[in-house]
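This is what each chain is made of:
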Amino acid sequence: MYLVIGRSMALESLVKITGGEVVLRLNGRKMLVTLPFAGYLSLRSNYQISHIGPVAVDIKRLAKLAEMLAKTSSPKPGGAG
Amino acid sequence: MASVGQELLAVPLPEMVMKLGLGIAEAQRALDENSVETAQLLADTTVPLVLAVTQTIAADGTVSFVNADPVNVSLLQIGLMPTFYQFSEATIEVTMDIKTTTSRETNIKVSAKAKVGFGCWSASIQVDVSHNRKFGKEVKGTSRLVTKMVPVPPPERIAPELTVVDNRPPKETPDNA
Chain Y
101 MYLVIGRSMA LESLVKITGG EVVLRLNGRK MLVTLPFAGY LSLRSNYQIS
151 HIGPVAVDIK RLAKLAEMLA KTSSPKPGGA G
Chain R
1022 MASVGQELLA VPLPEMVMKL GLGIAEAQRA LDENSVETAQ LLADTTVPLV
1072 LAVTQTIAAD GTVSFVNADP VNVSLLQIGL MPTFYQFSEA TIEVTMDIKT
1122 TTSRETNIKV SAKAKVGFGC WSASIQVDVS HNRKFGKEVK GTSRLVTKMV
1172 PVPPPERIAP ELTVVDNRPP KETPDNA
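Taken in sequence, the protein lines are chains Y and R.
Position 34 (the first sequence) corresponds to 134 in this note's numbering; numbering is contiguous.
Position 96 (the second sequence) corresponds to 1117 in this note's numbering; numbering is contiguous.
Just so you know, these hints were derived from the structure itself, not from any lab.
Treat each hint with caution, since some may be false.
[Unchecked claim] With a straight-line Cα cutoff of 25 Å, these simulated SDA-like cross-link-like pairs (lysine to any residue) come out:
1) Y/Lys164 / R/Glu1177
2) R/Lys1169 / Y/Lys164
3) Y/Lys116 / Y/Ile149
4) Y/Lys130 / R/Lys1169
5) Y/Lys164 / R/Gln1076
[Said to hold, decoys possible] DEER-style ranges, computed between Cβ atoms:
6) Y/Val123 / R/Thr1075: 24 to 30 Å
7) Y/Ser113 / R/Pro1174: 32 to 38 Å
8) Y/Val122 / R/Thr1184: 19 to 25 Å
9) Y/Ala166 / R/Gly1042: 43 to 49 Å
[Unchecked claim] Sample of chain Y residues at the chain R side, in silico, Cβ under 8 Å:
10) Leu103
11) Lys130
12) Met131
13) Val155
14) Ala156
15) Arg161
16) Leu162
Virtual Cβ for every residue (Gly too), placed ideally from N, Cα, C.
All chains, full assembly: derive it from the sequences and hints.
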């Protein structure tokens, strides 16, 4: 998965042309996408892309955050609830 | 004429190793810079995260859903990490094909001439000898550089540690009152 930041709003079509798929649209110019490696290399040298970098999901960290935030919105442990 | 051993010694292996090392260092720096830049962008990008959805089933059986207020969290906080790569292996292969040839050629040309006249005679013998020695050397060389990259875990301190300090007093119940 890659974090892609474009210079124009035509980012999604660029990603699709190179065989990629959009996973999450953060805004018009910033998205998380999956790409074949050739597509990554192609976008790296594309002047319409201001940044592209590989990212991975840290499942442990995501679970920990969800747990932490769930605690803050749940009743105090030890109480009857 | 240089021997095969001398030809092999002439291969600039230290220079090749040095250039490979510098190339790897340069590539590693570029990779790390890209990963750090990605980490910065992940930290700067926030998304609204809905942490709880309440499902209510009414007496008449209708179901409704209410989302909790979204919390803005950065992509780094929710566990999206830049991928870091490291060169784990580098190989240099040098293949040389050396062919040396020596050929020697000797040409001898002998000619004799005789003349007989009135009371005298003459004779001459002419010998031409030529030596040719040819040296041939053919060196073919190929080199192959192979590097292997592996993903490595991001630095441990790239994202802040998440801890919860809950100072709310416990609710009073008949058991703990």
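Structure-based check of each hint:
Only pairs whose Cα atoms come within 25 Å are accepted, and Y/Lys164 paired with R/Glu1177 is accepted, the gap being roughly 15 Å. Of the pairs offered as hints, the one joining R/Lys1169 and Y/Lys164 is violated, with about 33 Å between alpha carbons and a cut-off of 25 Å exceeded. With a C-alpha separation of about 14 Å, the suggested pair Y/Lys116 and Y/Ile149 falls inside the 25 Å cut-off, and the hint holds. Between the alpha carbons of Y/Lys130 and R/Lys1169 the distance comes to roughly 31 Å, so the proposed pair goes past 25 Å and is violated.
Proposed proximity of Y/Lys164 and R/Gln1076 is supported: the alpha carbons are some 24 Å apart, at most 25 Å. At roughly 27 Å, the beta-carbon separation of Y/Val123 and R/Thr1075 lies within the given 24 to 30 Å, and the hint holds. Range check, Y/Ser113 to R/Pro1174: Cβ separation about 34 Å, and the 32 to 38 Å hint holds. The supplied range of 19 to 25 Å is broken by Y/Val122 and R/Thr1184, whose beta-carbon atoms lie about 34 Å from each other.
Remark: the range hint 43 to 49 Å for Y/Ala166 to R/Gly1042 is upheld by a beta-carbon distance near 44 Å. For the restraint placing Y/Leu103 at the interface with chain R, the shortest Cβ-Cβ distance is roughly 6 Å, inside the 8 Å limit, so the hint holds. This hint holds: Y/Lys130 has a C-beta 6 Å from the nearest C-beta of chain R, less than the 8 Å allowed. A least Cβ separation of about 10 Å between Y/Met131 and chain R goes past the 8 Å threshold, and the interface hint is therefore violated.
Because the smallest distance between the Cβ of Y/Val155 and any Cβ of chain R comes to about 5 Å, under 8 Å, the interface hint for this residue holds. Annotation: Y/Ala156 was flagged as interfacial toward chain R, and the flag holds, the nearest CB pair being 5 Å apart, inside 8 Å. For the restraint placing Y/Arg161 at the interface with chain R, the shortest Cβ-Cβ distance is roughly 4 Å, inside the 8 Å limit, so the hint holds. The beta carbon of Y/Leu162 is positioned within 8 Å of a beta carbon in chain R (closest approach about 4 Å), and the interface hint is therefore held.
Hints 2, 4, 8 and 12, counting from the list given before, are not met by this structure.
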